[in-house]
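J.: Here's the letter readout for the chains.
Protein chains: 4
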Amino acid sequence: MPYTYTRTIRLADTDAAGIVFFANYLGLCHEAYEAALTAAGLPVQSFITGGDVIVPIAKSSVDYLRPLQCGDRVSIALTTSLLSENSFAIDYVITRLGPPDKVAARVRTEHVCTSRSRRERTALPDALAAWVQAG
Amino acid sequence: MPYTYTRTIRLADTDAAGIVFFANYLGLCHEAYEAALTAAGLPVQSFITGGDVIVPIAKSSVDYLRPLQCGDRVSIALTTSLLSENSFAIDYVITRLGPPDKVAARVRTEHVCTSRSRRERTALPDALAAWVQAG
Amino acid sequence: MPYTYTRTIRLADTDAAGIVFFANYLGLCHEAYEAALTAAGLPVQSFITGGDVIVPIAKSSVDYLRPLQCGDRVSIALTTSLLSENSFAIDYVITRLGPPDKVAARVRTEHVCTSRSRRERTALPDALAAWVQAG
Amino acid sequence: MPYTYTRTIRLADTDAAGIVFFANYLGLCHEAYEAALTAAGLPVQSFITGGDVIVPIAKSSVDYLRPLQCGDRVSIALTTSLLSENSFAIDYVITRLGPPDKVAARVRTEHVCTSRSRRERTALPDALAAWVQAG
Chain A
1 MPYTYTRTIR LADTDAAGIV FFANYLGLCH EAYEAALTAA GLPVQSFITG
51 GDVIVPIAKS SVDYLRPLQC GDRVSIALTT SLLSENSFAI DYVITRLGPP
101 DKVAARVRTE HVCTSRSRRE RTALPDALAA WVQAG
Chain B
1 MPYTYTRTIR LADTDAAGIV FFANYLGLCH EAYEAALTAA GLPVQSFITG
51 GDVIVPIAKS SVDYLRPLQC GDRVSIALTT SLLSENSFAI DYVITRLGPP
101 DKVAARVRTE HVCTSRSRRE RTALPDALAA WVQAG
Chain C
1 MPYTYTRTIR LADTDAAGIV FFANYLGLCH EAYEAALTAA GLPVQSFITG
51 GDVIVPIAKS SVDYLRPLQC GDRVSIALTT SLLSENSFAI DYVITRLGPP
101 DKVAARVRTE HVCTSRSRRE RTALPDALAA WVQAG
Chain D
1 MPYTYTRTIR LADTDAAGIV FFANYLGLCH EAYEAALTAA GLPVQSFITG
51 GDVIVPIAKS SVDYLRPLQC GDRVSIALTT SLLSENSFAI DYVITRLGPP
101 DKVAARVRTE HVCTSRSRRE RTALPDALAA WVQAG
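Chains as they are written, first to last, in the numbering used here: chain A, 1 to 135; chain B, 1 to 135; chain C, 1 to 135; chain D, 1 to 135.
Don't take every hint at face value.
Since the list can't tell identical chains apart, any single copy or any two copies may satisfy a pair.
As the list claims (entries may be wrong) - Below, computed lysine to aspartate or glutamate pairings styled on EDC-like, alpha-carbon distance capped at 20 Å: (1) K59 to D91; (2) K102 to D91; (3) K59 to E110; (4) K102 to E120; (5) K59 to E85; (6) K102 to D63; (7) K59 to E120.
Since the hints were derived computationally from the structure, they do not count as laboratory data.
Produce the entire structure from the sequences given, and follow the hints as far as they go.
T.: Now the structure itself:
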């Protein structure tokens, strides 16, 4: 079962077209990613902002399938996959909760594990690799 | 007991100073306001974006007492007060949860009930007035 | 010559990792898109928020090549291409201005022209089609 | 003459109420503050994110006078004033450019100069004090 994060769409997520601004779908997915790492007991701040080994995003893509409005309830399901010993992908499905539930977007981010001090790619830390491989 | 909203500080809330960007404290409080209206069964979208009677914010103020970092847990407690038959205030206390808990900011927003069609102030709808008076 | 938009990276664009938050690259590109439409004399608000014919984004993708920091100057060059009679793509190159200049990201958005009243795809308005075909 | 920053309101500034989200007025003012420091030759990144001496915001307040929409042109004029040897205020007037011009908001931020290493208030650096006193 993939990790699933649930959230209500808020006014600040939307724009004057009355729906969630397209860039904010990526922000929603990063929220789900942070929540998933936290739920797995991994040190989010270390990997994201603090340590020598960080996992910046190298690619992102979004397929926008349905608009989302203020007040909508959404779930975001994450599936992780190892791409190499120093990179991984996360596939997200954003679902607008109903009934009936409707897929609102499919998002993918690719992350490359990097050593800041050595300025080069480095193997995923064991705990992170285990989380990625758990799916 | 004031309504209390709880939230984890996320990467997107922060800036390169390593802490929550000062404008985002207002966004956090608006999240709490939307959650409080929803919890009270009030039609958030109607009052905020959709109906003829809206309650735009006329004033806001923030006292920043402590910085907040990615991963911090915060609670936001709301206290409402009627200012006139067509306006109200919300006072928010943002607390960084510990132990020990520390007050991170005090925020106030003032709202003026407005009819879009008549372009003038109008009395609060009964359900909203009841919510404000409940404190 | 593609339309080019220039901008300084600001604190609010960044996150606690000290660099521009990955979702904000899409926001930067949308700024450039709005500026390009305005420079071409096209009614931005009509296409984006107001009219019956809108051009929502159906796909986006980003290749992140270099981080961007507060104070960096960037240029964003747009190249447009028609995909069908009712859709088009925009390719953006975000360059961190030097010397030396360095490509910081490549971004693509795909837009589908839609009639809100008829809830279906519709041909691009002539003025928009002309702008897309001009490249 | 106060420093004046000019900007077009963009889709990302707005929310589903069709106007600029109230928290974003503070973001607009911080943009103007960063531009003013840069124009004065002061090291923005040092004061904001990087050095030992930083000038975090201790208070902010906004009077919202008129809504702003996507496409509106605004000017933001800054007036600075010294509050003590280690603090200063900035008053901003956000004007929606016409004709006729209309004041859209009045904003104030108060900044306290702080040494990160000593965790206490400290005197403004000379160059910053000179900028504040120039008004």
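J.: Now, for every hint given, state plainly whether the structure supports it.
T.: Each hint tested on the structure:
no., hint, in the structure
1, K59 to D91, "both (12 Å within a copy, 15 Å between copies)"
2, K102 to D91, "within (17 Å within a copy, 29 Å between copies)"
3, K59 to E110, "both (5 Å within a copy, 17 Å between copies)"
4, K102 to E120, "between (41 Å within a copy, 18 Å between copies)"
5, K59 to E85, "within (17 Å within a copy, 29 Å between copies)"
6, K102 to D63, "within (14 Å within a copy, 28 Å between copies)"
7, K59 to E120, "within (17 Å within a copy, 31 Å between copies)"
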